[in-house]
Structures are given as structure tokens and as C-alpha cells.
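Residue numbers (my numbering), protein chains in the order written: chain D, 1198 to 1514; chain G, 203 to 714; chain Z, 78 to 216.
Quick caveat, the hints were computed from the structure, so don't treat them as lab data.
One or more hints might be untrue.
[Stated by the list, open to error] The calculated DSSO-like cross-link candidates involving lysine-lysine, where the alpha carbons are at most 27 Å apart (straight line), are:
1) K502/G <-> K137/Z
2) K1345/D <-> K343/G
3) K1345/D <-> K1497/D
4) K502/G <-> K343/G
5) K1413/D <-> K343/G
6) K305/G <-> K447/G
7) K1345/D <-> K1413/D
8) K495/G <-> K447/G
9) K343/G <-> K305/G
Computed from a predicted model, the values in this text were never measured in an experiment.
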Amino acid sequence: MKIINTLKAAVCAAAVALPGAALADWQPDGPITLQVGFGAGGSTDTLARAVAAEMEENTGWDVVVENKPGGGGIAMFSQLVNARPDGLTMGMGVTIPTLINLAERGETLPFKADSFDYLATVAVAPLAVVAPADAPYDNIAELIAYSKENGGALVGFDGGEMRLMMQAINNTEGAGFELVNYQSGAEIIQGLLGGQLQAGWGAGAHIQYIESDDLKMLAVATQTRQAYAPDTTSFIEQGFPYSAEPYFYIAAPKGLDPEARDALASALDAAITSDALTELVGNVMQTTPTNLGADGTEAKLVNGLSEITSLIEAAGN
Amino acid sequence: MVDLATILAGLGDAFTLSNILFVLAGVVLGQFVGAMPGSSQEMTIAIAIPFTLVFTPLSAIGFLIGVNKGGLVGGAIPAILINMPGTPDASATALDGYPMTQKGKPIKALKMALYSSVTGDTFSDLVLITVAAPLAVVALKMGPVEIFALIIMAFALISGLIGGSVTKGIIATVFGLLISTVGLDPEHSTPRFLFGFPDLYSGFPISSVAIGSLAVSVIIARLANMSGGMRPALHIPRDQTADQKRVSLAEYLACRFVLLRGALIGVGIGIVPGIGSTAAAFMSYASTKQAAKDPESFGKGDIRGIAATESANSAVGGASLIPLLTLGIPGSVSAALLIGAFLIHGLQPGPLLFEQQGRLVYGLFGAMIIANACNLVFGLVGLRLWSRLITAPESIVFASGLVLCIVGVYLSTGGIFGVYVMLIFAALGMAMNALNYPVVIFVIAYFLGPRFELSLGQTATILRGDVTNLTNHPVAIVLLLMSAFSVFWLGIRPALKANKRKVSANSSDPLD
Amino acid sequence: MTFERIVTGGILAFGLTFLFLVMPQQVETVSYGRVVPSTLPGALLWIITIAAAVQMVTLKDDADFNTVVVIRAVGLLALMVAAVWSMDRLYFEYVAPVLALILMLFMGERRWYWLLLGGVAIPLGIWLLVERILDRTLA
Chain D
1198 MKIINTLKAA
1208 VCAAAVALPG
1218 AALADWQPDG
1228 PITLQVGFGA
1238 GGSTDTLARA
1248 VAAEMEENTG
1258 WDVVVENKPG
1268 GGGIAMFSQL
1278 VNARPDGLTM
1288 GMGVTIPTLI
1298 NLAERGETLP
1308 FKADSFDYLA
1318 TVAVAPLAVV
1328 APADAPYDNI
1338 AELIAYSKEN
1348 GGALVGFDGG
1358 EMRLMMQAIN
1368 NTEGAGFELV
1378 NYQSGAEIIQ
1388 GLLGGQLQAG
1398 WGAGAHIQYI
1408 ESDDLKMLAV
1418 ATQTRQAYAP
1428 DTTSFIEQGF
1438 PYSAEPYFYI
1448 AAPKGLDPEA
1458 RDALASALDA
1468 AITSDALTEL
1478 VGNVMQTTPT
1488 NLGADGTEAK
1498 LVNGLSEITS
1508 LIEAAGN
Chain G
203 MVDLATILAG
213 LGDAFTLSNI
223 LFVLAGVVLG
233 QFVGAMPGSS
243 QEMTIAIAIP
253 FTLVFTPLSA
263 IGFLIGVNKG
273 GLVGGAIPAI
283 LINMPGTPDA
293 SATALDGYPM
303 TQKGKPIKAL
313 KMALYSSVTG
323 DTFSDLVLIT
333 VAAPLAVVAL
343 KMGPVEIFAL
353 IIMAFALISG
363 LIGGSVTKGI
373 IATVFGLLIS
383 TVGLDPEHST
393 PRFLFGFPDL
403 YSGFPISSVA
413 IGSLAVSVII
423 ARLANMSGGM
433 RPALHIPRDQ
443 TADQKRVSLA
453 EYLACRFVLL
463 RGALIGVGIG
473 IVPGIGSTAA
483 AFMSYASTKQ
493 AAKDPESFGK
503 GDIRGIAATE
513 SANSAVGGAS
523 LIPLLTLGIP
533 GSVSAALLIG
543 AFLIHGLQPG
553 PLLFEQQGRL
563 VYGLFGAMII
573 ANACNLVFGL
583 VGLRLWSRLI
593 TAPESIVFAS
603 GLVLCIVGVY
613 LSTGGIFGVY
623 VMLIFAALGM
633 AMNALNYPVV
643 IFVIAYFLGP
653 RFELSLGQTA
663 TILRGDVTNL
673 TNHPVAIVLL
683 LMSAFSVFWL
693 GIRPALKANK
703 RKVSANSSDP
713 LD
Chain Z
78 MTFERIVTGG
88 ILAFGLTFLF
98 LVMPQQVETV
108 SYGRVVPSTL
118 PGALLWIITI
128 AAAVQMVTLK
138 DDADFNTVVV
148 IRAVGLLALM
158 VAAVWSMDRL
168 YFEYVAPVLA
178 LILMLFMGER
188 RWYWLLLGGV
198 AIPLGIWLLV
208 ERILDRTLA
């Protein structure tokens, strides 16, 4: 196990050599675990690992990333809510899947929106609907027309909000979209490039393919346009009053010592706004890190519930 | 798309002394950890990634590739020596590897495993390096319907391993699938069969099920059968002729078709995400067994059994980088971890990868070739070391093995819950062994379950609920026809024959 | 009634119980989609039930058991459960050596140097590696 020793020594040396390690009052008395509500390799996981690495570098704390995938983060948060609020356990998830679950089966979940101390957001996923570059439709209305003529277009999705928005359009427009469930954005792109899908949702993975001209944008699902495709209009602009802005966020079990909460929030903020994160978020999602802070994050979760509830009603389930 | 200068520069980057040392370090660590029961290369990669942050990108990626490849070789060692697979991939290798050990030829079995593994791996890497682009196009055409048909085909081939009783085989398979439905369903994300345990939201942890039913069950059964007298865990006869210890070139070449078939199955499974190397190993084993003139010699120490499984499971690795690099789709847990590491080190999988990062990609390819060479060289040293180590008394080997299983599962599942689940599946595995229900088929079905259900749902939507729409998917139809044929040919016909002869095919039962 | 028949009967009962009693409680119903949460488990449970029913009729052989071995296996499992239970409450580094020692003594190992190696050095070595070098906590 010599190699591990050597590595360890190298890492320690690197940590000691780093200037300006944060000197907060609160110090963790052991390794901090950052649980990720999604599988290894996805965008949440990648962001979490980068945040953890950046935190380790800045503070000298030991931050371990663990994957607890399942149900868009519900599996992880259901366990996190019972963890000790000692500042050594945090969880990273995505706002919208959590909110959908709270809205659809809140009574069966072991947590509520106010069961956590919220610490930070990391970024917003640039949700959009894309299609193969040679498809005979350029926006949602044309896709609906195509779908009606061809007995239902196959649309790939990998998140509840995407499904809800398409179901809502099926209800109001009679579009007849057939929704195909995928495990990741990358697999949806495979379906689009392989000709199995007529349109699909992207949450960041699609951007490279827009740049390489393999795919084209039909609409963005955020309330405002997105920087990499300034000409693509939003669902709202195209006359469909739906939007979704999933934030990646970090929470801890309720009841943190205020000092621990502040120390964690500021350590997270330093990591999220660091150059390394900016570069990584730029690479992975073509967007910039966005930290709404502890209070802003809490507001997203607590206030977001009513928006999701009305979307679920529009989708009719 | 990439000019020769970039390719040469990339390969040149890989073949520097420091990079070779990093890859070697990864291979040594991977083989070591792979050989430890209860731990896996996935866990090692997850633990190692933070340490690699201080390396240069190529060193870091080379190191992680080394860990991954070393783990594949290491997993076969305890499977062959003490019938306890270090990784689930190796459970197929135990089928013929352990009987060879019992016949006093452990070194020969280990060498064959090593040669087969390196052969499959190198084949797969060469496929990746030379024909990645056309294969990526093939991979694109493998949509949900085709993947669904391929999973059916995997089940059909594996039905050849069903053993003496068709009903017991069916019950084991279906039970494995049923266990995989625990947790959130893939289509609607609703919780199923939780019985009030929030830990079950993500289902029974894979490592708990695999290690419990394949490794812990075997150790406990062996301890329970022990009757006084402390023997070494592994006995190698001293007066072995050279012939019993080595694999001659003629023996290796005699397996060339087996190796090639294994490598091709591995590559085929590798470019389709989500099926995995364990299934590839079993598919290769089952088809080799049935293609042989003397299928009854399998399971009794046939060297072709080892060649089939190790070439196939190692060949998955290189090919699984095709969807990984071109689309960012991981074919396995370790591939998924590698993606995360790639991103952290600035290697962004996707259509622009070869253009923008050509030099790094060819450096990665170079590192893969180096890792194969390291695997071969260090493997030969390592297998002697391990077989020497396991000549320690049984008491030490099995007691430490059980402690390691607890630690390994605790670490990879992140809590004590996974360890309890491991013990439950150890009990289940022992009961199934004792009653001749095929445990390996149960585990394979469990592995394939989530993908099976997901692609079932996708297929139903894509076909719009109408089976006749299958006519738009000729590849899927061919796969389904081949499946129907193999179920009859591999599963039902031999089982009927076996029943007539009243010969129980499954005789490797530790609780008897 | 052979032992194998009793087990097969148990599987049959399991299939029926899950189909008609457990599934309705433990699986949600949804309003959309062609494959719903209960589609696959339901189909699988039907197959298990039918296969077990067929096996009830066709079973010929019976498993033969060595009662002593079965009791020893159950005892070992109970020991493992107890050890894991105490690891969750005490520290790993106290429980693991005890577990390893009991297992070794159970196997009939009496040579003190092997006991020292397998019962003390190896478990503590694992603990040191994991907790001190890799910085992961064990229960």
C-alpha cells in the first residue's frame, strides 16, 4: 500500500502548500460527507465532486462524495433527513425533482421542504428541447403539427418536469406526444442521433451537439433565453405558459449549529465561485455557477412548491 | 478527423517514464484490490479520484485506467483459488477455475485467466483505437428496442447454465429480477416494496447482493463444513511437472476460437450501455459450453471455461469507452466514475472530443496499451504472490475474508444497512446452493433487472403499444429469433436430456 | 412430503401473498404510461407462482442435509449479524478482532502466532488503512 502513502503524502503536501486556507471558527471533527442524490458520472455527480475537491483545497477539510441515486434525489434526502445535524453530512440534489415528489406524494415522504437547513445552490440546468438538425420543424408549434400528422412524435425525457410540461401540451393542444423515459441526457442524445426520437430534452449535455450542428434547438424551458443560443425563444415566448429552472442545491439535516452552518455556507460559496468551478460548469453545462446563498436556496424550495403544483394540475395527473 | 501528428504526439505523451509508472501503480493497486474479497475496482476508483487531482490529466487518467484494468485481472484470483469471486465479473470464472484448483492445477488456471484477460482486453482496445468511429455509428442505432432484444438474448444464452431443473432455473431468474424491482421504478419513480425502509429507495445495493450471495455464502458454507485439522486454504502439490503449472502455446492456441468469441461478445456488450461485463462473461461461457463437443466437461475444470469468461469480461472495458467517449454514456459503474474523473481533468466526452482533445485521447489510448502490458507482467508476479499468500491456514484466509467483505460493503454502500443486506443475501445464497437453485443466474438476473424494466417501458412507448410495429426494428427481430432458438437449444433440450438420464448437472454444492 | 416440496410450497405461498396482499400496499398506481409500476413485478410474481406450482407436481429428488452442518451455518450467520450489530454501536476496531478471533477458534485454529496475525494484526491493519490512511469512517 505504499502507493497510497505516497499519494497521501503528495496530497497533504499540496494542502499545506496552499496559501490562505480559510480559518473559520467552526472546524469539522472528521471527514465531511457530501451525498449525491444521483448516480456516478451524471452532471450532479460531476458538480458535487468538483465542489468537494475545491472545498478540500480551500479549507483543508476532508470532503468525501458518496452517490445515493434513486428517484431524482428522493432516496438520498429520505436518508439525509435522519442524519445527525453535526455539519459532517450534506446532500446535493436538484430542486425540481424534489418539489415534484413533495407535491405528488408529500404525505408518504419522510421529509418536508422545511426539514433541512439549506446551504447553497451551485448552478441552474439550461433545460431545452432539441431535435436532430435535419428535422422538418424548428419550434414547439411545428413539432406539435408534425406530431399530429405522424401519429405522435417520440419525445425523450429524463426528468419529471420535462414530462409534466409535455403532458400539459398534450392536454391543451392535443399534440399526442409519446414520451420515452431515459436515464440520462446523454442517452436521449443517443436516441436523437440514432433516429429513435423526433425530439428530446437536454439539460446541458445537448449544448456541444448544438455547436457541432448535429442537433438544433426548438425551445428553452427557462424563463429567460440561454447564453449559448440567444436566438432560441422560450416556451413562454412561444405561447406555452410553462417553465422549469432546476437548481442544483446543497442542504444539510435541520438543526445545524449556526456557526457550523455559516462556516459550511461560506466554504461552499468560496468553492462554487472559484475559477475551477466556473471553468467546469462552463465545460459541463455552458453556464456559470449561481449561488443563491442559504436564504435564496431555502426560498426556491419553499416557494417553488406552488408553481410545481399548478404544473402538475396542467399536466392532468 | 485527427491527423497523424496528433496521434503520435498523444502516444508519445503516454510513453514517458512517469506515465508508465503511474499506470503501473494503478494496475498493481487494481490487481491487489480486485483480489481482495468484498472490494471492487469501482470502490477503488471512487476512493482514488480525489487523490488524482494533483496529477497531470494524463497521469491521473492513466492511473485510473490502470486501477480499472488491474481489478479485472485481480478479481479472478480468489475466484480460482478459493471459489470466492473478488468481483462479480469473476463469478463465471470460478465455474471452471475452482475445479482446476481442486485438481491441483491452480497456477495453470491463474495463468490462463491472465492470458485470456489480457487477450480480450487488448483486442477490445485495438477495436476502440482503430474502428471507434464506425462502431459508434452502430452503437447509435442500438436504441431501446434493440437493447431490450439484446437483454432477452442475454437471458436466453444464460439459460444454458440453468442446471438440472428448468423450474428451479426459472424461479432463480425471476426472483433475481423481482429483487431488482425493489426501490423506485425506472419509469414513474414511484417507490416499490420499501416496507418502511428509506434505505431501500435506491434498491438493494448491488455490492451487497453480489458479495453476500456469491462470496460470503461460500465462505460460511465452507466454514460450516470444516471438520477439525487446520489445512492451508490452498494446497499446491509440490511435485508438479512443469506441464501442470504452465499454459503451453499449443494450449493457448487451442482456445483461440473461444478467446475470439469471448472477445467479440465482450466488445458487442461493451458498446451497448447498461448490460455489463458480468453478463458478457456468462454469455460467452454459456455459448462456449454449448459449442463444445463435450459440454459435460465444463464445470469440472475445463480450461476453455476460463478462457471464455476472462476474455469476454475484459473485452467489455475497451469497447465501453466507445459510447463513453463519443456520447458520454457510461456502460458500467466504473466507466461512470471515469467520466467524472475525465470531466474534472478537462476531458469532455462528446462529438468535439477528438477535435479538441485529440492529443489527450490518444494519450489515453497509449495508457490503455501500457496498462495491458503491465497487467501481463505484474500479473505473472502477482499470481505467484497470491497463491503463496493463500497457502496460509484456512483460518486466517477465511476469517480475514469475512472481515474484508464487511468492510468492503460498508464502504461501497456507505453504511451499515448494506452490510445487513449482504448477510441476508448470504443466507439466501446458502439456501439456494443447498437446494440446487442456480445462484449465479439469480445474480445475473438481478444485475440486468433495472435495465430490463427501463427498456421494456421505452420499447412499449416506441412501439406505441403495438407489437406489430416491431417490423420497423429488424435488428431486434433477429435478436429475438436467435433468443428463441437458443432457449430451446441451450436451455430446454439439455435439461430434458439431463432429466431423462437423471443426472444432476449441478454438483458443485458446498452444503451437501 | 419431502423437504424440497415444503420449500416449493413456501415459494408458491410467497408468490400468492405478494401478488394479492403485498403488491397492492407496496406498489403505487399511476394514471399514465403503458408500463406501470406494477407491470413487471406482477408478471414476475405470476411466473414464480406458476413455476412453483409446476415444480410441486414434477419434483422427484430431495435435497439431503447434514443437520450438524446446517446448524453450524446458521450459528455462523447469527455470529456475523451479532458482530455487525455491535460494530454499529461500538467501534469497528474493537469488534472486528473479536469476530476474527472467534471465527478462527471456531475453525479449530489454536496456534497463537496465527491467532495473533489473523485475529489482531489483520483486522487492525484494515482499520488503520481505511480510517487513518483513506480517511473513511467505519461504523
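Each hint, compared with the structure:
1. K502/G <-> K137/Z: The given pair, whose Cα atoms are some 25 Å apart, holds under the 27 Å limit.
2. K1345/D <-> K343/G: holds, 25 Å
3. K1345/D <-> K1497/D: Given that 27 Å is the threshold and the Cα spacing comes to 36 Å, the pair is violated.
4. K502/G <-> K343/G: Not satisfied, since the Cα-Cα distance of roughly 40 Å exceeds 27 Å.
5. K1413/D <-> K343/G: holds, 20 Å
6. K305/G <-> K447/G: Roughly 12 Å separates the two Cα atoms, so the pair holds.
7. K1345/D <-> K1413/D: holds, 21 Å
8. K495/G <-> K447/G: Roughly 26 Å between the alpha carbons, so the hint for K495/G and K447/G holds.
9. K343/G <-> K305/G: Roughly 46 Å between the alpha carbons, so the hint for K343/G and K305/G is violated.
Checked against the numbered hints given earlier, the structure breaks hints 3, 4, 9 and satisfies all the rest.
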